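Each chain is listed here by its residues.
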Amino acid sequence: MKNNDVKFTLPMLAEPRTLRVRFRKVGNLQYISHLDLQRTFSRVLVRAGLPLWYTKGFNPHIKMVFGMPLPVGSESECELLDIRIEREMSCEEVKARLNRELTDELAVLEVYPATEKFTAITFAEYEYTIVTTGANAALAAQIDEVLQGGGLTVTKKSKSGEKEVDLSAHILSTEVRFQEGLIFVCAKLSAAEGKYISPEALITALRAKTGILSGDPTKEHYRILRRRALLADGKTEFR
Amino acid sequence: MNEKISSILKTVEKPGRYSGGEYGAVIKDKKAIKARFAFCFPDTYEIGMSNLGMRILYGSLNSDPDIWCERVFAPWVDMQEKMRSYDVPLWAHESGDPVAEFDIVGFTLQYEMCYTTVLRVLELSRIPLLAAERGEEDPIIIGGGPCAYNPEPIADFFDCFSIGEGEDNLVEFTKLYIRMKEEGRYTRAAFLHEAAATIKGIYVPSLYDVTYHEDGTVAAITPKFEDVPKQVQKCIIEDMDRAFFPENVVMPYVEAVHDRIMLEVYRGCIRGCRFCQAGMIYRPVREKSHEVLNKQARCLYDNTGYEEISLTSLSISDYTELEPLTRELLEWTDPNMVSLSLPSLRVDSFSRELMERIASVRTSSLTFAPEAGTQRLRDVINKNVREEDLMRAVNVAFSGGKTNVKLYFMNGLPTETAEDIEGIATLAKNVVHEFYQNKERPKGRSPQVTISVSCFIPKPFTPFQWEAQDTMEMLREKQEYLGEKVTDRKVRYTHHDARVSHIEAVLARGNRRLGAALLLAAKEGFCFDAWDEFFDYDKWLSVFERSGIDPAFFANRQMGLDEVLPWDVIDCGVSKEFFKRERERAYAAATTPNCREKCSGCGANRLGGARTCCPGGGARNEK
Numbered sequence: 216m217k218n219n220d221v222k223f224t225l226p227m228l229a230e231p232r233t234l235r236v237r238f239r240k241v242g243n244l245q246y247i248s249h250l251d252l253q254r255t256f257s258r259v260l261v262r263a264g265l266p267l268w269y270t271k272g273f274n275p276h277i278k279m280v281f282g283m284p285l286p287v288g289s290e291s292e293c294e295l296l297d298i299r300i301e302r303e304m305s306c307e308e309v310k311a312r313l314n315r316e317l318t319d320e321l322a323v324l325e326v327y328p329a330t331e332k333f334t335a336i337t338f339a340e341y342e343y344t345i346v347t348t349g350a351n352a353a354l355a356a357q358i359d360e361v362l363q364g365g366g367l368t369v370t371k372k373s374k375s376g377e378k379e380v381d382l383s384a385h386i387l388s389t390e391v392r393f394q395e396g397l398i399f400v401c402a403k404l405s406a407a408e409g410k411y412i413s414p415e416a417l418i419t420a421l422r423a424k425t426g427i428l429s430g431d432p433t434k435e436h437y438r439i440l441r442r443r444a445l446l447a448d449g450k451t452e453f454r
Numbered sequence: 006m007n008e009k010i011s012s013i014l015k016t017v018e019k020p021g022r023y024s025g026g027e028y029g030a031v032i033k034d035k036k037a038i039k040a041r042f043a044f045c046f047p048d049t050y051e052i053g054m055s056n057l058g059m060r061i062l063y064g065s066l067n068s069d070p071d072i073w074c075e076r077v078f079a080p081w082v083d084m085q086e087k088m089r090s091y092d093v094p095l096w097a098h099e100s101g102d103p104v105a106e107f108d109i110v111g112f113t114l115q116y117e118m119c120y121t122t123v124l125r126v127l128e129l130s131r132i133p134l135l136a137a138e139r140g141e142e143d144p145i146i147i148g149g150g151p152c153a154y155n156p157e158p159i160a161d162f163f164d165c166f167s168i169g170e171g172e173d174n175l176v177e178f179t180k181l182y183i184r185m186k187e188e189g190r191y192t193r194a195a196f197l198h199e200a201a202a203t204i205k206g207i208y209v210p211s212l213y214d215v216t217y218h219e220d221g222t223v224a225a226i227t228p229k230f231e232d233v234p235k236q237v238q239k240c241i242i243e244d245m246d247r248a249f250f251p252e253n254v255v256m257p258y259v260e261a262v263h264d265r266i267m268l269e270v271y272r273g274c275i276r277g278c279r280f281c282q283a284g285m286i287y288r289p290v291r292e293k294s295h296e297v298l299n300k301q302a303r304c305l306y307d308n309t310g311y312e313e314i315s316l317t318s319l320s321i322s323d324y325t326e327l328e329p330l331t332r333e334l335l336e337w338t339d340p341n342m343v344s345l346s347l348p349s350l351r352v353d354s355f356s357r358e359l360m361e362r363i364a365s366v367r368t369s370s371l372t373f374a375p376e377a378g379t380q381r382l383r384d385v386i387n388k389n390v391r392e393e394d395l396m397r398a399v400n401v402a403f404s405g406g407k408t409n410v411k412l413y414f415m416n417g418l419p420t421e422t423a424e425d426i427e428g429i430a431t432l433a434k435n436v437v438h439e440f441y442q443n444k445e446r447p448k449g450r451s452p453q454v455t456i457s458v459s460c461f462i463p464k465p466f467t468p469f470q471w472e473a474q475d476t477m478e479m480l481r482e483k484q485e486y487l488g489e490k491v492t493d494r495k496v497r498y499t500h501h502d503a504r505v506s507h508i509e510a511v512l513a514r515g516n517r518r519l520g521a522a523l524l525l526a527a528k529e530g531f532c533f534d535a536w537d538e539f540f541d542y543d544k545w546l547s548v549f550e551r552s553g554i555d556p557a558f559f560a561n562r563q564m565g566l567d568e569v570l571p572w573d574v575i576d577c578g579v580s581k582e583f584f585k586r587e588r589e590r591a592y593a594a595a596t597t598p599n600c601r602e603k604c605s606g607c608g609a610n611r612l613g614g615a616r617t618c619c620p621g622g623g624a625r626n627e628k
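Respectively, the protein sequence lines represent chains R and D. Quick note: the first sequence uses the numbering used here, first residue 216, plus one each step. Quick note: the second sequence uses the numbering used here, first residue 6, plus one each step.
Hints are computed from structural coordinates only; laboratory data are not their basis. One should not assume that every hint holds.
[To be verified] Result set (DMTMM-like, lysine to aspartate or glutamate): computed pairs, CA atoms no more than 20 Å apart in a straight line:
1) K87(D) <-> E435(R)
2) K87(D) <-> D431(R)
3) K434(R) <-> D339(D)
4) K372(R) <-> E18(D)
5) K278(R) <-> D339(D)
6) K19(D) <-> D251(R)
7) K217(R) <-> D143(D)
8) K15(D) <-> D431(R)
9) K217(R) <-> E18(D)
10) K15(D) <-> E342(R)
Everything numeric in this text was worked out from a predicted model, so none of it was measured.
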């Protein structure tokens, strides 16, 4: 049996330290909402026995800051979470302890001291895998044309109502491939604060323009995987 | 989970209910196990995952290397629609395999209104609804939980029931299944017969003939074979310290209704409220020792990271070791920022000290259950709570800074008069008055007293099991009358839907003839009747009418004391004679002391039990 009180014996840090946790969220876990993920992590951090820093005040709580939002139904290899500890514990130890409390579909890939702010994230790179009945090179070419052609719009829902968004203006680059009966799209989309665009928007636009993915979801389906968070140059990975 | 299901998940509400993949979920190698058990909670994932019993039985079955137990929940209506459109049968949560492929499918029956959902789950699984129509390849369907104590209304749909506490019982049952398969002598009939004859607590409805009198009452329930018990006695775990305890918990991602550590402190109840089924069927009282509880709580905290521990049992303040337990818990819960809550406080035990210790009371609201408005009626139901106890408790609360008090009552209790109903309004008004009299009350704030009134439902295995439920008209009149009597603006009045209570009474006290009505209900698409938005009273009445069932016969009829009751085939430990004595005392408005003050000879002590307060349990009582 483990006992998490070991954390109370570690040396105190002069200042609370912010650590950045990069984790994957794939497979079944793509269906877990952001709110549920927050609650899950608040418990994972506790049962991992990390020396967490608690806010001072009437209702002490731990500090967690997540990077970009990820819509339900999309997978990711680059989810970011900042946590704060108040006693000495190595990044490797934090990673090992977290992974003992997680499953493969929600595994921690890396833990490191956070230096850059999340506001430096400007783009995100996504890989789309599309399974559709009429998939062939011609359809792939058609999809490519639609994406390159510009003028794509999507309706974005927000608290203040619905508004039309120019999707093309949010696409940095796209690449379409047809391989072994599947269509792959690699896309770099805006992810900066205030300009973030959901990766689902691209599917919605393709569905409207080409008619794909509008039939029986058990025969036609797609997977979205977020691969990397990128800086303003659209190339360098955000860390 | 297969790709077909996974792609449907992108099109439904709250897909996290179905996706699985939770930390702590048990995955086994299909080739290395001998039996697959699908444990079904016939309601949504969020409700099922809040159920402590399901967590215990899941752990207990999976602790056996030959058995793989998976969970099954009722998919919400939008998912059911997709399953029909895309031809997907219901699957088990862990493997994604169809439920119909399992060896045994178990249903936990926590409330009567889930029956139609049970049938929907069978239908979505493509398992024949009627036990008589199942073939050798179909799973064995077993039911358990509190509603299994009167299994007769749903007897047609179940191959068998496990009566009582299932931790050891279900494993033994599944082991027999494995053994008979291995020995090559398994047939459905042979297995069910042998289970009924050799395993305690197993009731197989098809092995009994039920005959009826002309007036529709039961004449006799007779076993078809000599080796099948005439009465099936429930099974219990004698020593709660040694009961299976799930150290590893499945952590739901989607928020469960009760999303916290539930620490079961003891089973049973010493109180003996005469309307309360739980207080009777879980007897004898068996406590866990505080040392064991503290260890288990610590272990659960380390394995879950929950920020709240709820001490659960029917009346937590009756636990004899509450003081040492809370003291030991607080030693480590405080530094770890974990809060404690005690959900079932009695007014006569509520003290300032307890309130300060317990976090649930950090909220501005407190809940008590006087159940009835006058002392006379509280004596009739043996609630053993006096108005001065309530006033003392609310004063403690007000002095401690609380302003909101919620009070639970019941309408339609036996012998209830207009005076008793008015008493509810008076009691609430007195609580408001008490607030203003209290010099330590929170200054500048006004009190809010909420009275929540449910309808009395006579339940099997209670001293009130024979009583007639008030008719709908009477219940509604009473609800209206109370509404007129509540004049204080600081008192808020809410009441249950009498129509639901009426149907619940029919299902609670029904016999096998109700099977026809439930089958018709299933065919007409009934499901989720425990949910207000799906409950349709008129449709229920129509279904009863077309199946030749008079609901009043089950709900509103005073049953005869000598009548054979549909549930007489079950022995819950407490004797019928005790219920009769208690009923007489009720009509004399005489209270019965609690089990610790004086044994009233209910009979449950013959089942044994360690750390109990029963006489005769003494030999096993050593700590």
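Exercise for the section: Assess, step by step, whether the Cα of K87(D) is no farther than 20 Å from the Cα of D431(R), and give holds or violated. Expected result: 10 Å, holds
Exercise for the section: Would you mind confirming whether the straight-line C-alpha gap from K278(R) to D339(D) stays at or under 20 Å? Expected result: This hinted pair holds, its Cα atoms lying about 19 Å apart.
Practice task
Could you grab the alpha-carbon distance between K434(R) and D339(D) and see if it respects the 20 Å cut-off?
Solution key: 53 Å, violated
Handout entry: K15(D) paired with D431(R) [C-alpha distance capped at 20 Å]
Key = 12 Å, holds
Handout entry: Agreement of K87(D) and E435(R) with the hint, judged by alpha carbon distance not exceeding 20 Å
Key = 15 Å, holds
Practice task
Decide if the proposed pair is consistent with the structure: K372(R) and E18(D), CA atoms, cutoff 20 Å inclusive.
Solution key: 17 Å, holds
Practice task
For the pair we were handed, K217(R) and D143(D), check the Cα-Cα distance against 20 Å.
Solution key: At roughly 43 Å apart (the allowed maximum being 20 Å), D143(D) and K217(R) break the hint.
Practice task
Compare the distance between the alpha carbons of K217(R) and E18(D) with 20 Å, and conclude whether the hinted pair is satisfied.
Solution key: 37 Å, violated
Handout entry: Restraint check for K15(D) with E342(R), where alpha carbons must lie at most 20 Å apart
Key = 17 Å, holds
Exercise for the section: Could you grab the alpha-carbon distance between K19(D) and D251(R) and see if it respects the 20 Å cut-off? Expected result: Holds, because 11 Å separates the two Cα atoms, which is no more than 20 Å.
Hint compliance for this structure: hints 3, 7 and 9 are not met, and every other hint is.
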